[in-house]
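Undergrad: Chain residues, written in single-letter form:
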Amino acid sequence: MKNRVITISREFGSGGRTIGKTVAEKLGIPCYDNKLLQEIAAQSGFEQNYVKEASEYAPGGVLASVFSHPSSGPNNADYLWEIQYKLITELAEKGPCVIVGRCADYILRDKADCLRVFIHADIPFRMERILNIYGEREKSLEQRLKDKDKRRAAYHRFYTDMKWGHAQNYDITLNSGTLGIDKCVKIIQDLY
Amino acid sequence: MEKVLSGKQSPFATEPIGRLIVKFAVPSVIALLVNSLYNIVDQIFIGWGVGYLGNGATNIVFPITIIALALSMMIGNGGAAYLSLKLGEGEVETARKGVGNAVTLVTIVSIILTAIFLIWINPILTLFGATEVLRPYALEYGAIIGIGLPFMMISAAINSMIRADGSPKYAMLSMVIGAIINVILDPIFIFIFEMGVKGAAIATIIGQVASFVVSVIYMPRFKSVHLHSSSFRPQVKTCGNIVVFGLSSFITQFAITIVMAMTNNLLTQYGAASVYGSEIPLTATGIVMKVNQIMIAILLGIATGAQPIIGYNYGAKSYNRVKKALEIALIASEVVLIIAFLIFQFTPMSVVSLFGSEEGLYNEFAVMAFRIFLLLCPLTGFQTVAAVYLQAVGKPVKSAILSLARQIIFFVPTALILPIFLGVKGVLWTGPVADGLAFILSLAFLIYERNHLKKKHIQIA
Chain V
1 MKNRVITISR EFGSGGRTIG KTVAEKLGIP CYDNKLLQEI AAQSGFEQNY
51 VKEASEYAPG GVLASVFSHP SSGPNNADYL WEIQYKLITE LAEKGPCVIV
101 GRCADYILRD KADCLRVFIH ADIPFRMERI LNIYGEREKS LEQRLKDKDK
151 RRAAYHRFYT DMKWGHAQNY DITLNSGTLG IDKCVKIIQD LY
Chain F
1 MEKVLSGKQS PFATEPIGRL IVKFAVPSVI ALLVNSLYNI VDQIFIGWGV
51 GYLGNGATNI VFPITIIALA LSMMIGNGGA AYLSLKLGEG EVETARKGVG
101 NAVTLVTIVS IILTAIFLIW INPILTLFGA TEVLRPYALE YGAIIGIGLP
151 FMMISAAINS MIRADGSPKY AMLSMVIGAI INVILDPIFI FIFEMGVKGA
201 AIATIIGQVA SFVVSVIYMP RFKSVHLHSS SFRPQVKTCG NIVVFGLSSF
251 ITQFAITIVM AMTNNLLTQY GAASVYGSEI PLTATGIVMK VNQIMIAILL
301 GIATGAQPII GYNYGAKSYN RVKKALEIAL IASEVVLIIA FLIFQFTPMS
351 VVSLFGSEEG LYNEFAVMAF RIFLLLCPLT GFQTVAAVYL QAVGKPVKSA
401 ILSLARQIIF FVPTALILPI FLGVKGVLWT GPVADGLAFI LSLAFLIYER
451 NHLKKKHIQI A
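Chains as they are written, first to last, in my numbering: chain V, 1 to 192; chain F, 1 to 461.
Looking at chain V on its own, in the form it has when it is part of the complex:
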């Protein structure tokens, strides 16, 4: 019997991580986010902030992914991908859980009984959220949101055969901007 796992993919700033954590708390199952990050860092020998960047974001668009492989040897991102792939597989085998991001939806496609969620919201909502929660006040915030999303999509494109954010790849997609964080939590909880 495969374990029931909720995978949450999300646009940057949409509150996907908060939703994942809250759902996990309410269901009484673990949510692997920072802990997973720490473990990847420990196993790779890389520093945590570096892992955070290199294990979920391509260094730019699709072209950058292409040029980050100048020779046949694997690069840092490839090592991280390998470690991340194994760790997520192990975690899903251990028991039911919530996993935020990191292509878990792809990695667990035939290894767990997944509820695949995608959380998105419009730009103003995400900008305001980042402003309130992280206190970041940058003129270029909108640009940064778009850049982060683009690099997440490119990462998915390169390491999985899935197109990030395309409805066909998910069981449900939720707009946290119009529904609100709490409602999103409730819906996922009911679906579990």
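A couple of the hints might just be wrong.
Computed list of lysine-lysine pairs in DSSO-like fashion (alpha-carbon distance at most 30 Å, straight line) [claimed, not checked]:
(1) F:K169 with F:K324
(2) V:K150 with V:K21
(3) F:K317 with V:K150
(4) V:K163 with V:K111
(5) F:K425 with F:K290
(6) V:K150 with V:K183
(7) F:K290 with V:K148
(8) F:K323 with V:K148
(9) V:K186 with V:K26
(10) F:K323 with V:K52
(11) F:K169 with V:K148
(12) F:K324 with V:K52
(13) V:K163 with F:K237
(14) F:K198 with V:K2
(15) V:K2 with V:K111
(16) F:K317 with V:K52
(17) F:K237 with V:K111
(18) V:K183 with V:K94
(19) V:K146 with F:K237
(20) F:K223 with V:K111
(21) V:K150 with V:K35
(22) V:K150 with V:K86
(23) V:K150 with F:K237
(24) V:K2 with V:K146
(25) V:K86 with F:K317
(26) V:K146 with F:K317
(27) V:K21 with V:K86
(28) F:K317 with V:K35
(29) V:K163 with V:K183
(30) V:K86 with F:K237
(31) V:K86 with F:K223
Rough simulated footprint, nothing fancy, chain V against chain F, three-plus residues with beta-carbon under 8 Å [stated by the list, open to error]:
(32) 62-71
(33) 79-91
Calculated from the structure, these hints are not laboratory results.
From the three backbone atoms N, C-alpha and C, an ideal C-beta is built for every residue, glycine too.
Let chain V serve as the given structure and place chain F on it in line with the hints.
TA: Using the frame of chain V, we list chain F on its own:
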């Protein structure tokens, strides 16, 4: 490439940087050198046995060899990257398909390329700069080289994957056997059987067939995957992935082909208007470029060896080790470049005379070509190391731009403009101008990245 242990016990984190660089750079330097020596040896025998027109003919045919190499590297490196990645995921079945599909793909592509080349050999040679004097030699040489292309391409692609399978020595063996056979047969065909450029071409393809056989023998012996006949059935998705993974190798190599063809044409065109005529500049510059390739092979080897070490330590935030590795790579490159520079400037004739004894005008132009074209070659070391650094800090596009800067981005416009004013010498001055501009660009990128990095650190703090 050697598999890296992950975690804190990784040799990248603990072993002395100097020893690490030697361990990683030496094999890649050797691999790259064997390839360019292959070419040089051919040139030397042709120079002595046929004369400079023979060398000129090989320069005309050379771009097709580079296109072939670019395609096979794309498929081979792509297949190798796909193999490592899928093995890392534990997806053995997919990994198997990757290797099989890569072999099928390179076979199809190589046969198509050969067919295109042999059917339209005359217009293609014209495109690459053939003059009426060189054409008969180029046709004779090219027709045979064309037949060898599939063997060369398939063997090179399989070798990339053999390396990824953890048998770099076997891959090396396959290459070295071909090179040695070529070196032994060259003088036999050229001097004993007096077959001229045709003999050189036959020696080359016999060497390539030998490499091909050695590579193919390995196929059922793949350690990481057991190949089935069904693995070879091409699938659009798998082939697409392979191409994407190997695309960067292709772009760099293919751009070089275009530049080479363009330079050939400029040299014959402006040469015709000078005392040297069309053939002398083409041949002499061709030799300069091939000697230059030996230098580039060493630099690239050092860079390829340093890359994973710098990349790993940047990720682990061991900045001291990053700095140390960059320093060692830069110093090693500069030592090679400065020795080369001194030879080119002070005893260029010793290099020129390796490639046959010719008379006054030829020697005069060849000496001038070495002195002018490679005048600023010591600057290229900085550029390759800067490209490695940018790759490590996650700026792959900038890194690629730097790698292409000297060879194409600055080279092409300069090569088109300078000869208008300086005649055929203008083509030679393109070398130092492109080197100088590429150096300035590397410096600009480095300074920008450093400031950017500082700003980021302040933000975090």
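Undergrad: Give a verdict on every hint.
TA: Structure-based check of each hint:
The straight-line distance between the Cα atoms of F:K169 and F:K324 is roughly 29 Å, inside the 30 Å bound, and the hint therefore holds. With a CA separation close to 24 Å, the supplied pair V:K150 and V:K21 stays within the 30 Å bound. A C-alpha spacing of about 26 Å is found between F:K317 and V:K150, which places the hinted pair at or below 30 Å, so the restraint holds. Among the hinted pairs, V:K163 with V:K111 is consistent with the structure: their alpha-carbon atoms are about 20 Å apart, no more than 30 Å.
With a C-alpha separation of about 19 Å, the suggested pairing of F:K425 with F:K290 holds against the 30 Å cut-off. Proximity of V:K150 to V:K183 is assessed by CA-CA distance (about 27 Å); at most 30 Å being required, the pair is judged to hold. With a C-alpha separation of about 44 Å, the suggested pair F:K290 and V:K148 falls outside the 30 Å cut-off, and the hint is violated. Distance check on the hinted pair: F:K323 and V:K148 sit about 29 Å apart at the alpha-carbon level, within 30 Å; holds.
The suggested pairing of V:K186 with V:K26 holds, with an alpha-carbon distance near 9 Å, which does not exceed 30 Å. A hinted pair counts as satisfied when its Cα atoms are at most 30 Å apart, and F:K323 with V:K52 qualifies at roughly 23 Å. Restraint check for F:K169 and V:K148: the C-alpha separation of about 42 Å exceeds 30 Å, so the hint is violated. This hinted pair checks out: F:K324 and V:K52 have alpha carbons roughly 25 Å apart, not beyond 30 Å.
Using a Cα cut-off of 30 Å, the hinted pair V:K163 and F:K237 holds, with the two alpha carbons roughly 14 Å apart. Annotation: proposed proximity of F:K198 to V:K2 is violated, straight-line Cα distance about 66 Å (limit 30 Å). Of the supplied pair hints, the one linking V:K2 and V:K111 holds, its CA atoms being roughly 7 Å apart against a limit of 30 Å. For the proposed pair F:K317 and V:K52, the alpha carbon gap of about 13 Å is at most 30 Å, so the pair holds.
Taken as a hint, the F:K237 and V:K111 pair is honoured in the structure, with Cα atoms around 22 Å apart against an allowance of 30 Å. A threshold of 30 Å between alpha carbons decides the hint, and for V:K183 with V:K94 the separation of about 29 Å falls inside it, so the pair holds. Under the criterion of a C-alpha separation no larger than 30 Å, the hint pairing V:K146 with F:K237 is consistent with the structure, at around 28 Å. Straight-line distance between C-alpha atoms of F:K223 and V:K111 comes to about 26 Å, which keeps the hinted pair within the 30 Å bound.
For the hint pairing V:K150 with V:K35, the CA-to-CA distance comes to about 25 Å; that is within 30 Å, so the pair holds. Straight-line distance between C-alpha atoms of V:K150 and V:K86 comes to about 25 Å, which keeps the hinted pair within the 30 Å bound. Taking the CA atoms of V:K150 and F:K237, the gap is near 22 Å; set against the 30 Å cutoff, the hint holds. In summary, the hint linking V:K2 to V:K146 is not supported, as the alpha carbons are separated by about 36 Å, beyond the 30 Å threshold.
Proposed proximity of V:K86 and F:K317 is supported: the alpha carbons are some 24 Å apart, at most 30 Å. For the given pair, V:K146 sits about 27 Å from F:K317 by alpha-carbon distance, which is consistent with the 30 Å threshold. Proposed proximity of V:K21 and V:K86 is supported: the alpha carbons are some 22 Å apart, at most 30 Å. At roughly 20 Å between alpha-carbon atoms, F:K317 and V:K35 fall within 30 Å of each other, so this suggested pair holds.
For the proposed pair V:K163 and V:K183, the alpha carbon gap of about 26 Å is at most 30 Å, so the pair holds. For a cut-off of 30 Å, the pair hint linking V:K86 to F:K237 stands: about 24 Å separates their Cα positions. Annotation: proposed proximity of V:K86 to F:K223 holds, straight-line Cα distance about 21 Å (limit 30 Å). A stretch counts as covered by a chain when three or more of its residues have a beta carbon under 8 Å from one of that chain; for the segment 62-71 of chain F and chain V the count is 0, and the coverage is violated.
Restraint check on the segment 79-91 of chain F versus chain V: 7 residues with Cβ-Cβ distances below 8 Å, three needed, restraint holds.
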